[in-house]
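Student: Just so you know, the protein sequences line up as chains A, B, C and D, in that order. Quick note: the first sequence, position 315, residue 299 per the working numbering, numbers continuous. Quick note: the second sequence, position 51, residue 35 per the working numbering, numbers continuous. Quick note: the third sequence, position 225, residue 209 per the working numbering, numbers continuous. Quick note: the fourth sequence, position 163, residue 147 per the working numbering, numbers continuous.
The hints are simulated quantities; they were obtained by calculation from the structure and are not laboratory data. Treat the hints loosely; a few may be bogus.
[To be verified] Going by beta-carbon spacing under 7 Å, a handful of chain C positions derived as facing chain A: (1) Trp52; (2) Val55; (3) Phe244; (4) Val275; (5) Glu276.
Computed from a prediction, not measured in an experiment: that's the story for all the values here. All C-beta atoms in this analysis are idealised placements derived from N, C-alpha and C, irrespective of residue type, glycine included.
4 protein chains.
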Amino acid sequence: MTISTEALEILARQEIEVPSWAYGNSGTRFKVFSTPGTPRTVQEKISDAAQVHKHTGLAPTVALHYPWDKVDDFGELRSFAEGLGMKLGTINSNTFQDDAYKFGSLTHSDPAVRRMAIDHHLQCVDVMDATGSRDLKIWLADGSNYPGQADIRTRQDLLHESLVEIYDRLGDDQRMVLEYKFFEPAFYHMDVPDWGTSYVQVAALGDRAMVCLDTGHHAPGTNIEFIVAQLLRLGKLGSFDFNSRFYADDDLIVGAADPFQLFRIMYEVVVGGGMADDTPVAFMLDQCHNVEDKIIGQIRSVLNVQEMSARALLVDRNALHQAQRAGDVMGANGIFMDAFYTDVRADLAQWRESRGLPADPIAAYVASGYREHIEADRVGGNQASWGA
Amino acid sequence: MTISTEALEILARQEIEVPSWAYGNSGTRFKVFSTPGTPRTVQEKISDAAQVHKHTGLAPTVALHYPWDKVDDFGELRSFAEGLGMKLGTINSNTFQDDAYKFGSLTHSDPAVRRMAIDHHLQCVDVMDATGSRDLKIWLADGSNYPGQADIRTRQDLLHESLVEIYDRLGDDQRMVLEYKFFEPAFYHMDVPDWGTSYVQVAALGDRAMVCLDTGHHAPGTNIEFIVAQLLRLGKLGSFDFNSRFYADDDLIVGAADPFQLFRIMYEVVVGGGMADDTPVAFMLDQCHNVEDKIIGQIRSVLNVQEMSARALLVDRNALHQAQRAGDVMGANGIFMDAFYTDVRADLAQWRESRGLPADPIAAYVASGYREHIEADRVGGNQASWGA
Amino acid sequence: MTISTEALEILARQEIEVPSWAYGNSGTRFKVFSTPGTPRTVQEKISDAAQVHKHTGLAPTVALHYPWDKVDDFGELRSFAEGLGMKLGTINSNTFQDDAYKFGSLTHSDPAVRRMAIDHHLQCVDVMDATGSRDLKIWLADGSNYPGQADIRTRQDLLHESLVEIYDRLGDDQRMVLEYKFFEPAFYHMDVPDWGTSYVQVAALGDRAMVCLDTGHHAPGTNIEFIVAQLLRLGKLGSFDFNSRFYADDDLIVGAADPFQLFRIMYEVVVGGGMADDTPVAFMLDQCHNVEDKIIGQIRSVLNVQEMSARALLVDRNALHQAQRAGDVMGANGIFMDAFYTDVRADLAQWRESRGLPADPIAAYVASGYREHIEADRVGGNQASWGA
Amino acid sequence: MTISTEALEILARQEIEVPSWAYGNSGTRFKVFSTPGTPRTVQEKISDAAQVHKHTGLAPTVALHYPWDKVDDFGELRSFAEGLGMKLGTINSNTFQDDAYKFGSLTHSDPAVRRMAIDHHLQCVDVMDATGSRDLKIWLADGSNYPGQADIRTRQDLLHESLVEIYDRLGDDQRMVLEYKFFEPAFYHMDVPDWGTSYVQVAALGDRAMVCLDTGHHAPGTNIEFIVAQLLRLGKLGSFDFNSRFYADDDLIVGAADPFQLFRIMYEVVVGGGMADDTPVAFMLDQCHNVEDKIIGQIRSVLNVQEMSARALLVDRNALHQAQRAGDVMGANGIFMDAFYTDVRADLAQWRESRGLPADPIAAYVASGYREHIEADRVGGNQASWGA
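For reference, chain A alone in the conformation it holds in the complex (with noise of 0.2 Å):
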């Protein structure tokens, strides 16, 4: 089985954004290891950002975090971006780290905390108006961690006013993706912590709001392949957040712990149309590399979903058809599987070095000397990481 021509047109417009954060020190409530050449700029992480994308031509969007990637001037930020060939993408708010919204922040019970929370978003919506950004990410740690402290119920309400404000805000261009999460910060009650409530949360709102499918924010054992199947037919699964997983939010190298399962959500975006030419869908990765090189985790990421798009676009979908119709059930699952365990590394080896790419991104970033390049040069200044 090779790759068809069709496969590889589908490929070569296919990106994945890449976060700003995750260039910076990232780990656990436990420890968060620093390591040499850690960015301690937004400018900084832009230029690693730059190395995955030159590597691998499938990453030219980084997306920041606001406040944590705040500049004084946005569109010069983006100048800067544009003159390593990157554009700045999804503007990913933050109400989880001032001490305001210990108690939450759209969904908190005081109206002036929930205002500070808005102003927010609204804020954000700016920089996004200087970056030329298209989506507002909002993920809400707002949650509870015993039972009777908080209003569950009500929250719900607060949540959709705040979200209508910020929805207003937002230009004809502009698209809000809400995300949700099985647990974590909050250890009792999370205001989203499902697709369920993510969506009719968005579908009050309008059309350019939807949904945000992190894949390592789902209770163990959900089949996330379906999710991404029912919100791209209900046509609000507005971006993907990529990692994996084996507990819990764990937020390793995306398809790191579970192949396979990457490989089924690529063949469910496939049929549902989220690699068509005006896919509604963003992919974004959203990683934490604790322990192994940042900028390899990164590019080993984009390489394992194009890897995975791959194959999922290897499927024959035809002859898959015909074998579910005929309730032959080994065939069906052979025909995916087929797809599954071919190895295609090679040919987008031999595809990428056609396009000007390296045939092996991993081995030409090593040997480019970046690495040893920003140790030697990013000494002294504070190191990136969630803090800032």
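Following the hints, complete the assembly by docking chains B, C and D onto the known chain A.
Tutor: Same frame as chain A, but now just chains B, C and D:
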């Protein structure tokens, strides 16, 4: 803390529907144990159910399963039930035990099988007309065991088409409730795996289509009371299938595995208006008494719901909201737990007696000699189980 | 990367025992589907198993279930199997389908029931003497559904006493393997729920008592390859029951739900000496083919184990250890994944042919006409299932 | 049902060790909230802990964390504590916050890092000599995030070697307890992930090495009371780290998430002799008060343990065993639940008063003005948290 007069009024109108199949044998794929006195006919099941109501005053309605409880004349069965002081309740369809449904029913790729499954549901509505039942409950075993086996996306559309036809057959006073389930009997994908899917499917039908929440049908760790609150907010919580679980769909006695969870659920029911006079929520049991006495198991179950409802009604909601608004986590949690820890059993026993019911329903049932009677009487014939 | 000569030698001696019951009907508590051609007798099951071996060369042994596969003369059955080129393997006891075992077998509080259960196992050893089987496999359904129902602590002591008596009956060349299971059919506690319990019980018996690891019998998220490594280190991994799962004990085809997990397991088997010439580890399937063709399902299963073994043997362990010692996370992971992603299927097909086996065992089986033969031949009688 | 005199005697000698770090700030990887009055020094932590004991009479001992609680003179610290009526308890080692431990400590492939980690533990024993502590608690963050990253098998052997050296340093009256954890901070494999691993490691050391069971460190659905029963049976339950969880290692207040589970655990403790006069079991809290008042949270925690112990002691064990032996599932469960549902709070309040303690410890603490005092007093300096 004692139960208020207002709370007692609410408890006085509480009704929990019992399932006919709980009185028959059930088990696991490994073994179904039979027990002396098990009903052979639907009439015997209703007689057993009447015992639960007799001693508790809580369970005047029996849900039927079609075709397990099929009789020639459902009007006659209705009269039989009424003669025992019982009503016939929700009609449960069954599209999982016919060989034709091996690969689906309402979602099957073959139009002939879908036709058969739709017709089965139309027959169920005929039964409802005869029994005076309000609700048609649809639980689908539809799904697949292997990736690639089924076309997940298309099946959602087929499900919608099938449901439309069934919904259109409903009378003005009849409703459809669509149950969701995380897994089993399908082990890769279920066509209605979560509340979100059930919600979007019933929302596309109309006002008389609602969600049925079975407390055992969620992924590990799911915050069920959140879903209860959300569905009540959306006006789409049609009914509960009560039971409890430690692992999967264990179908244990409601409140047995996690009494505190039942308390939290009942609290959200109270908050969301689910115990109001005009509540749209039907409270039902859906359990299996694999190893325990079935009638005692059912009595225990309705009492558990009553006791946890009483505790939920004990919560000092004014004080709670004050503590919540003040960010007093321990205070709010303390108020909540205080209600849970209050032993309402003696008060309820006394109140039960004041209404002409036994203080101890299980003791009264045991003392009644009913069990000895049915063990002696029900000799020969085929004991009812899931197969019939 | 190609499979080394040394690896092919290891693969050449690989044997995967198949379970007689996989050829009979199986299902869930909701429905057992029957299929044309299903065996009615143990002889027919062995004939089907012989097909798997014929086309793969991987499965020369059939495990029996007692009393499902009870015959008057097990010596004769042995000859029958040998006539088909098959051996009789592990004897699986059954103490979960007799009414007496409702509340336990080897752990029952009633000495008479324990006696009965012990005697059953002694009979199993008699069968082993006749069949030449090495292993007695004990899986216990013992447990309870409700807190308080059983005396968890005392039952561990009773289990020990019962096992001692069975162990003492074993011949010098016979072994006992004790399986553990997280839940089902008991839904509150299982008497042997985890590898720790199985280990402490068999360690208290002696060298010929070992643990049986069923890949579907763990809590969600459990790192199974860790347990494999640990048990091999302790010298107590007696056997595998291979299957796969998305949710609970789904009993799907091994490698179907998570091929990468199977790869990781086989890698630890290789590392721990489990594929050495004198390995104490018996590799067995224990699966249910509820909706798929059973013989094809079995062929697919043994091929999956073979393919993942081949991939595991591809891992460049020297390079891996070097990367591990250097703290090169991405490098080590890359070496590991490289082996997993390598498509060994063509190489294996060629090698299979070189050994006189079909390149494509499933195609060969389908082309053989065996299925048409048994469908025409096996008419009437009672199809085998878990009940018989 | 009232608490028996015998039960009150048991309760009178109950002690629950509190962790020094519970009084400092804690949080998630997303945010650590600070609060006025948080201790800056270990002395201030001990002062706070003394408040818990003062109002409950339950918590005379404080566990220390090394090096978080490092002081120049631990003998002096011991005197300080004694001056407040407190003892110093378990010493908790820390090999997860030094950069050297990025890839492991006692299991690290580099002998120099293992040496450093072993030496750290030997220092901990020095501290124990000075503080008079009996127990050294070892919890290891050791593990890996990616398949292939680490040599799972070899690390078990290295762990054994490291533990031997530490064990050999212990005095005759000192013990080692080895904690296990399912996941976090490592997300692929943990070197001590389950009770089985902790058990085989400590069993290989000797009598003074035991298992530490943290109630939040298990896979979803794990029956913890079974493990409690098993470890008590094996004589290897050294200590509890109490807390509660809805999802992962949430570190909520013990009994907060599932009070019934705490009851079941305490019942097995009672049954297994864990509350006997000479119990080897140390009862400790290990919790994080991320959003709630820390001292009140600790008071609530020890009271929860006391209340559930009282309920567990209420179980009519004779009647229960009779029902168990009779196979009376509902009867046995009813006896068990009766104890759980009995509201012991008023009885305990009265008994507390009879012993010179406040009926309502939380109210007494609030009324004491201690909080206002520390908030005014502890201004400036660095609030203690996990980092120091």
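Student: Each hint: holds or not?
Tutor: Each hint tested on the structure:
no. : hint   : result
1   : Trp52  : 25 Å, violated
2   : Val55  : 31 Å, violated
3   : Phe244 : 6 Å, holds
4   : Val275 : 6 Å, holds
5   : Glu276 : 4 Å, holds
Of the numbered hints listed earlier, those contradicted by the structure are 1 and 2.
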